[in-house]
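Residue-level listing of the chains:
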Amino acid sequence: MAEVSSPVSDDLMAEHVRAIAEHHDRDAFRAIFAAYAPKLKAFLARGGLEDAIAEELVQDVMLTVWRRAATFDPRQGTFAAWLFTIARNRRIDHFRRAPRPLGEYPDPMLIPEPEASAEGLVEIQQNHTFVRAAMEELPPEQIEVLRMAFFEQKSHSVIAEEQGLPLGTVKSRIRLAMRQLRRALEPKL
Amino acid sequence: MNVRHPAPDELLLDYAVGATGPGKSLLVACHLSMCDEARARFALLEQIGGAVLETIGPDRLERVTAERVLGAIDGETPVLERPVRTSFAAKPVEVDGIPLPPPLAAHAEQIADRRSWRRLGRGVEALELPVSTAEGKTQLLRAAPGVRIVEHTHMGEEAVLLLSGAFHDNGERYARGDVAVNDGATTHSPVIDDEDVCLCLAVTEGPIRFVGRAAWLLNLFNRF
Numbered sequence: 032m033a034e035v036s037s038p039v040s041d042d043l044m045a046e047h048v049r050a051i052a053e054h055h056d057r058d059a060f061r062a063i064f065a066a067y068a069p070k071l072k073a074f075l076a077r078g079g080l081e082d083a084i085a086e087e088l089v090q091d092v093m094l095t096v097w098r099r100a101a102t103f104d105p106r107q108g109t110f111a112a113w114l115f116t117i118a119r120n121r122r123i124d125h126f127r128r129a130p131r132p133l134g135e136y137p138d139p140m141l142i143p144e145p146e147a148s149a150e151g152l153v154e155i156q157q158n159h160t161f162v163r164a165a166m167e168e169l170p171p172e173q174i175e176v177l178r179m180a181f182f183e184q185k186s187h188s189v190i191a192e193e194q195g196l197p198l199g200t201v202k203s204r205i206r207l208a209m210r211q212l213r214r215a216l217e218p219k220l
Numbered sequence: 556m557n558v559r560h561p562a563p564d565e566l567l568l569d570y571a572v573g574a575t576g577p578g579k580s581l582l583v584a585c586h587l588s589m590c591d592e593a594r595a596r597f598a599l600l601e602q603i604g605g606a607v608l609e610t611i612g613p614d615r616l617e618r619v620t621a622e623r624v625l626g627a628i629d630g631e632t633p634v635l636e637r638p639v640r641t642s643f644a645a646k647p648v649e650v651d652g653i654p655l656p657p658p659l660a661a662h663a664e665q666i667a668d669r670r671s672w673r674r675l676g677r678g679v680e681a682l683e684l685p686v687s688t689a690e691g692k693t694q695l696l697r698a699a700p701g702v703r704i705v706e707h708t709h710m711g712e713e714a715v716l717l718l719s720g721a722f723h724d725n726g727e728r729y730a731r732g733d734v735a736v737n738d739g740a741t742t743h744s745p746v747i748d749d750e751d752v753c754l755c756l757a758v759t760e761g762p763i764r765f766v767g768r769a770a771w772l773l774n775l776f777n778r779f
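From first to last, the protein sequence lines are chains A and B.
Each residue of the first sequence is one higher than the one before, starting from 32 at the first, in my numbering.
Each residue of the second sequence is one higher than the one before, starting from 556 at the first, in my numbering.
Treat the hints as calculated values from the structure; they're not laboratory data.
Incorrect hints may have been included.
Short derived list, chain B residues pointing at chain A, Cβ under 8 Å [said to hold, decoys possible]:
1. D564
2. L568
3. G573
4. E601
5. G605
6. V607
7. L608
8. R615
9. L616
10. L625
11. V702
Bear in mind that the values here come from a model prediction, so they are computed numbers and not experimental data.
No residue lacks a Cβ here, since even glycine has one placed at the ideal position from N, Cα and C.
Next up, chain A with everything else stripped away, as it sits in the complex:
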């Protein structure tokens, strides 16, 4: 497993994204690239992509960061989470396109999100910076399931199968982790 690296400052990244959106700041882009492109490559490679393809997708994701910089809203969540959703969607596209055409259907991931209710929005804004800290309090077996799911783009049933765990065990680890995170974040409301 790759070594764990220290988190990058969200505020700094948010400023860089704004600088790209407002005055096409190339240095801001270089700073984001330096901080995140190598992580993105590791993320995509862990998802089972060949090296060359992982790099191609990194380029696509970074292009999207430049092109869609104005759509990033720091009140909705961290820069890393925004980047994660771009990488995830790009990876979904890749797999959908590559091995087998699945026919025509609307891509639910591309459907715009509904307006968050005012209440929900406040909740998200105030919580997102605490997620990382709250995750550190989770038991290792719960963290492991979340990491496998996010890194390797695996469903919980595939994780159960591969780890030789009963499906119910994996489900309860996910539910317990979510319950603990929600509880940990509640006092911040």
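Add chain B to chain A, keeping to what the hints say.
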């Protein structure tokens, strides 16, 4: 909308990481458009995704550099306008007076066309949507008020999203926006409420098996 049975966390997680096939993706997308609680949990899952991404150690890039990407965007300016978010409430698509969640709107014509439905049993009709893949069947199920579905169990997982009407199942009531997930561990016989037609979106991974009296005969003709 307040929903009593939000999708279970593991289903939201599968969707958040991009591990659901088209059928379940459609189901979760519809559910998210209807359920505040699920949306809040999904937002949390995406924040977790960001936190996980940050913990990963870097891989050396062999070919792609910041300069190469900047070269590719030369002459391009970033989109400066914030795209207008389409409000889900803006344009409800209705079929038979039942508002469809936006991700289903693309199928509205097919859903409204009576000829695309086939009879499954007394008071139950199904329409298979063209999003079925190896993961299983994606169907709309329509059940008449008061119908009791013959007791059955599942050979794979079944996720059901209620679009209208309501049913009772194993002591719980499910109504619009609710998600019920069942697999081989449950045997059930849902009963549709008396007032309204019940419309569901169901993604099934395997066939169902009827249990109880005359089950062998029903299984013989089982087309669920």
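Structure-based check of each hint:
| no. | hint | in the structure |
| --- | --- | --- |
| 1 | D564 | holds, 4 Å |
| 2 | L568 | holds, 6 Å |
| 3 | G573 | holds, 5 Å |
| 4 | E601 | holds, 5 Å |
| 5 | G605 | holds, 3 Å |
| 6 | V607 | holds, 4 Å |
| 7 | L608 | holds, 5 Å |
| 8 | R615 | holds, 7 Å |
| 9 | L616 | holds, 6 Å |
| 10 | L625 | holds, 6 Å |
| 11 | V702 | violated, 29 Å |
Taken one by one, the earlier hints fail for this structure only at number 11.
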